[in-house]
Amino acid sequence: MSKLSVRNAAPTLKSLVAGAGRLGALTALLPMAAFADWRMNLKPANSSVAQQMFDLHTLITWICVVIFVGVFGVMFYSLYAHRKSKGHKAAQFHESATVEALWTIIPFFILLAMAFPATKAILDMRDSSAPEMTIKVTGYQWKWGYDYIHDGFGYLSTLSTPLAQIKNSESKGENYLLEVDNPLVVPVGKKVRLLLTANDVIHSWWVQALGVKQDAIPGFIRDAWFRADRPGIYRGNCAELCGKEHGFMPTVVEVKTQADYDVWLAAQKEKYGVGKAANTAVAVDTKTYTRDELIAHGKTVYEGVGGCQGCHQPTGKGIAGQFPALDGSKVVNGPKDGQVALLLNGKAGTAMASFKHLTDKDLAGVMAYTRSSWSNKAAEFAQPIDFAKARNGGVLPAGAAPATAAAPSEAAPASATASGAMPAKIYFATGKKEMPGDAKESLDAALTFLKGKADAKIDITGYTDKTGNQATNLELAKERALAVRAALVAAGIGSDRINMKPPAEITGGGDNKAARRVEINAGT
Amino acid sequence: MASVPHGAPHTTPAHGDHTHDGHDDHHHLPTGLMRYVTTTNHKDIGSMYLWFSFAMFISGGIMALLIRAELFQPGLQILEPERFNQLTTLHGIVMIFGAIMPAFVGFANWMLPLQLGAPDMAFARMNNWSFWLLPPAAILLIGSFFVPGGAAAGGWTLYPPLSIQAGMGMDMMIFAVHIMGASSIMGSINIITTILNLRTPGMTMMRLPMFAWTWLITAFLLIASMPVLAGAVTMLLTDRHFGTTFFNAAGGGDPVMFQHIFWFFGHPEVYIIALPAFGVISQIIPAFSRKPLFGYASMVYATASIAILSFIVWAHHMYTTGLPMAGQIYFMYATMLIAVPTACKIFNWLATMWRGSITLETPMLFCLGFLFLFTLGGFTGLVLALTPVDIQLQDTYYVVAHFHYVMVAGALFSAFAAVYYWSPKWTGWMYEEKLGKIHFWWSLIAFNVTFFPMHFLGLAGMPRRIPDYNMQFTEWNMVASIGAFAFGTAQIFFLVIVFRTIAGKSGIRAPAKPWDGAEGLEWTVPSPAPYHTFETPPAFK
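Protein chains in written order, with the working numbering: chain A, 1 to 524; chain B, 1001 to 1541.
Be a bit skeptical, because a hint or two may be false.
In silico DSS-like links for lysine-lysine, alpha-carbon gap of 25 angstroms or less [claimed, not checked]:
hint	chain 1	residue 1	chain 2	residue 2
1	A	453	A	432
2	A	287	B	1505
3	A	89	B	1513
4	A	287	B	1437
5	B	1513	A	86
6	A	86	B	1434
Pairwise CB distance ranges (calculated) [what the hints assert, rightly or not]:
hint	chain 1	residue 1	chain 2	residue 2	range
7	A	105	B	1055	23 to 29 angstroms
8	A	74	B	1234	46 to 52 angstroms
9	B	1031	A	106	56 to 62 angstroms
10	B	1051	A	334	50 to 56 angstroms
11	A	230	B	1242	38 to 44 angstroms
Take a look, some chain A residues computed to stay more than 10 angstroms from chain B by CB distance [unchecked claim]:
hint	residue
12	41
13	172
14	219
15	231
16	240
17	267
18	271
19	288
20	328
21	435
22	438
Please keep in mind that the hints were generated in silico from the structure rather than gathered at the bench.
Heads up, the beta-carbon is just placed ideally off N, CA and C, and yes, glycines get one too.
Isolated chain B, as found in the complex:
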């Protein structure tokens, strides 16, 4: 059963080769652990992605807190420099590949078939395999802390020759990147096929939900960029063990070539993380403004432009490597150009709210938090795009602040918005609104206390990836560390909210459509969504 032929009423997507008589889907299900090992159901797989992602988020978060604890004051207190470098490296990789990307694949799994009126994802078994590749990769990453030499310590960017020097933790990371890349590519193929082929009749491309549009574009970005990363780390591997010299000048190679290849993947990766988040925001803001999304067509074009531009700006991460002057100028102009479609999107969201009928439930609050923080991160991105300014700020805490504003705000805040927005559909219960709001304000304030001072640290000259610093940086580091611990505890609070929601602690059962302004097919099925939905294509007006 490679794909589900659309419109076949008796297809039972979740059961592989079993033959069924169409009305009796549930009693063959394996139970317990085997249910999840063997499942091909998009809802089960979506949930597994989301739980996996949260587990990795907590792991990466613990690493971040160890880093912040060491940086609380000058001097070396709790971590040796080598261990510190391992933590910064793994924090980056775990958060990007383990937490953010799987979270949005989880949302896609859960919501795309519901939004498109499809019975399941197009390749249901491959879907299972793309998920189950992830836990081994996670074990390789976390396990690398316990091998001789410890985890990779060359930064998540893995620049050679430093990454050539490292111990076997680096090989484990390379292997993990290969596995996670394969998983992403399979997930992307599945998403593209599902969106292009399994839409309910009448849902033309220009009537797709925005979340589906942004994921469609993201999936193409993934397919184009992941093999590039796989190639780069494979070359690292052969340089390390098989005597090649791709990145070693003594053998005719060039260490900077790695950076070009890495960032040719790395910059699209930024948008792989941001675009699905844009999609979530584009669904939620209209729902709570009770007004259709402003400029649907220009949103689609802006998303596509951002995706295309993302492939031609990579060397703005490399202004200090000694690019030719013309290269610096070109990459500066191209990078600045991305501000145009991004600004379009921000303006479109504002215009959606303008003269709407706005209410501020938790999902909307997280969207507004996203807008605020992401715009700030966008502005610092513009500052960093200017080559002469970047020369002063490259590899300082200013950059750390910048990418946490776009990544944490761009991905994490919109992921929280998505969880609050769609959890009634998943659990059948409303979350507790008051707790959700506390989670929002707690996160927003703690986030800014953590990361805003990092702008000042960077400007004042504190480099990133150092375990110790001069006393002039003490105060802001203390503030940032306090903020980080507050932000961390806020996420434990979030976990409590999730458990309480699943347990129905609010006492409010979710109706099929809990948000009066929400649009889309996902709100036409009951809450919680039955195990199988849309076995016949729904009507789409």
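The shape of chain A in the complex, shown without the other chains:
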């Protein structure tokens, strides 16, 4: 790879000739060519597993080349020597038990010889025990989410190649389509375990130099591991067709020395506010913008890298049958709350992902832009503060401090949204009353709140989504609330401090994850 040079996008006659020349060399040097540094072979390995894969491929390729040359040597000799034109008379033999037994048994033993190192490599590859760190990887259409689950932060990793390069109006950089805004960062020499899942369709996380390719499957968790031998930047792609932008979803890993990694880690924790008390002020953009300001800002988001126009098109017409048109859309021209919820939560079962990782101002901008473009003329539009409220169950986060207008709020990390603050919310799986695995943060927030003030009380209210009949939902909502109460009681809170408060409206109107919740509010 060191011989890579930056090339122009335009094909040159020279590169064509070079390609043809290589092909010529190839037919002459077939076995050798596979091992030359002409971008014909696997990338140099940067982990012991990748090295085993590399060596195994080399071994089996050579075995195949030797057999191939042997077999076709015999065939070409026969074609040459046993030609009718040379006067060769056909023999009439047509079977031989010995020969046939031999050429059944010999391949079998060759296969055994191959199976041995291959099995060894599998045992190694699948041994993800005793990891030194664990990162959760989530595939989205079309980006990767990385959650450092023990360090309490996470972020998204999106293609950073400008659209102009893809559309050929700018010359392409060396890492064209293999570059992202935020790579996965890991320390060298540490056994890193990845837990992979996906949000929408199946993706596959692949970095060749690290010897990892693992499908990320929605609704399931798979694991994989690697231990990088050398620092550096290692690039790959999503390897499972995941829709329109499948080719534009790179996987980039930056391997740092331990010291550099520690510096990076500290910076990230600072950036995402990890370790700060749960109810410290959250920066919220409370400024009121004019519609034109928001439209101008929204246009840059809509048309930017990874922006809305990728699916909904610059014309707002979408792609019929695939991506809905925004031009004339009921959501875009309807009440603002509907569009706010859609942007924050996405729509299950479609390519419309949650965009809650964008800032409130970005989202408000997109909303103002889409409501004022093409034939859309919706009167209503939202301010950033509307998104801040929607993120927090309709109220401004406790202790929200007005931020200066110049400093938009930080991108919320994928796993740490609204963590800890009261009122706390716990989201349940469809139809389930069992506490979800990620309930701890919210429970902790409630505990912190209760332990902070000896006389404080809380209200617990259960909700369900709008699917299902009312009687069942009523029961489910109650059982969810009871499950939360049981958990708090188990944590040492007296049941007299917990007030079970029935909701005004069980379903809350929604049909998404946000609707299936239990809310813990400060008591009245």
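Once you've looked at the hints, dock chain B against the given chain A.
Relative to the frame of chain A, chain B by itself:
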């Protein structure tokens, strides 16, 4: 007239319920289009299958060339990514279900009754229906490009949840798959019944022509695997429209289950395509080596072993889905085992040539091309069978190279061999040998220029099914695209050869047996074969 009772001298298979007096078959035939709509004659139906297959081959080929044109250089030039995905998806489905499978059913229709000494296929009307199901399926597939949302774009493997997201093009594809599956199953039942019941007296199972043997086994594979595919796509359909959650974890389903079901069909499908090709090769190599097929019995056993093994290796397409480790190891061993019977077949063909009296007419050349390319594809298959290596190569261009080596070489080259070998019997004219040889060398070279570089692209890390790529992959992609256009034009040249042969441009009328080394009952009837043959069972020594 459900079947033709064997040995009844006055049976007239082509005319349904007409009563005939046995010597006057032709003047009741409808003419023009209606002849083909109503025909129950195996030769007419065989020809229709072959023309249909060629039309689909050209359609799928145009899609391939659009794909290669987009991939000629980095950046997006002529296709939007969504359209690109539609083309890769439809290219796969059209080539497999529209081109390759109907081609071999066409050969079976034409040649099995002639090889077996039977007057026609066992179920002559069902034969008509199995063919006429195909054009509607083709219209659904090609038409889906023009509906809102365009054609299915989730890959020919149709993996959910991606295929759940798609527009109505996906439903059209599902319906087309159902129709083509029904057609295949009917064709298979017909072939099995014909081979088992309509052989001429004296033709025992172990004296069947190899082409009949391989088709017999293939037909069983089809009957066993097609309903599985039909089930899988039906579940997709209900997941899409009727609220089921077979493949959705949120409702208790599993997207990976689709892959298991799909590949339980998909891997036998590979052999459904390859086995009849093996049969063709096993007929042609002895003819041009002027020497009997070496190891007839072991060929039959090897074919049967391959067929059985093909049902227990499916998850080697799924090494990266996170199978249990024991699963990865088991599927690796089972897959490697297929190399044994496959190697047997290759060795048998070599031994057939060994000390023969070989001539290199076009059918033989295509057989040798088949051997060369299929063996190469077999070796890359072995490389991919090794789980740790496959982890690096799964869903890259290496896999694209691998399956084109086995599919194009395995199916297409042997189909060309079959056309050149049997066309004298069909048309009554010899093809032009010189043109045939040009077609062979042109195809062979262009094929390798197209697909050999894809091994390197895959190894270097280029994923498949992407419309755009990093510049490090530019050169080999350009070479591949140039090769693809050369390969495409070679097939237009082939069409010219076929037309010239039908028009008798060679000026050489085909004798009943144009190949001096050929064996079999098909060479005992005149060329072109009369509309009705073997109305009384021929003698078989």
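Status of each hint after checking the structure:
{"no.": "1", "hint": "453(A) - 432(A)", "result": "violated (32 angstroms)"}
{"no.": "2", "hint": "287(A) - 1505(B)", "result": "violated (85 angstroms)"}
{"no.": "3", "hint": "89(A) - 1513(B)", "result": "holds (20 angstroms)"}
{"no.": "4", "hint": "287(A) - 1437(B)", "result": "violated (78 angstroms)"}
{"no.": "5", "hint": "1513(B) - 86(A)", "result": "holds (24 angstroms)"}
{"no.": "6", "hint": "86(A) - 1434(B)", "result": "holds (21 angstroms)"}
{"no.": "7", "hint": "105(A) - 1055(B): 23 to 29 angstroms", "result": "violated (46 angstroms)"}
{"no.": "8", "hint": "74(A) - 1234(B): 46 to 52 angstroms", "result": "holds (49 angstroms)"}
{"no.": "9", "hint": "1031(B) - 106(A): 56 to 62 angstroms", "result": "holds (60 angstroms)"}
{"no.": "10", "hint": "1051(B) - 334(A): 50 to 56 angstroms", "result": "holds (54 angstroms)"}
{"no.": "11", "hint": "230(A) - 1242(B): 38 to 44 angstroms", "result": "violated (53 angstroms)"}
{"no.": "12", "hint": "41", "result": "violated (5 angstroms)"}
{"no.": "13", "hint": "172", "result": "violated (6 angstroms)"}
{"no.": "14", "hint": "219", "result": "violated (2 angstroms)"}
{"no.": "15", "hint": "231", "result": "holds (20 angstroms)"}
{"no.": "16", "hint": "240", "result": "violated (6 angstroms)"}
{"no.": "17", "hint": "267", "result": "holds (29 angstroms)"}
{"no.": "18", "hint": "271", "result": "holds (30 angstroms)"}
{"no.": "19", "hint": "288", "result": "holds (38 angstroms)"}
{"no.": "20", "hint": "328", "result": "holds (15 angstroms)"}
{"no.": "21", "hint": "435", "result": "holds (18 angstroms)"}
{"no.": "22", "hint": "438", "result": "holds (16 angstroms)"}
Consistency with the previously given hints fails for numbers 1, 2, 4, 7, 11, 12, 13, 14 and 16, ordered from lowest to highest.
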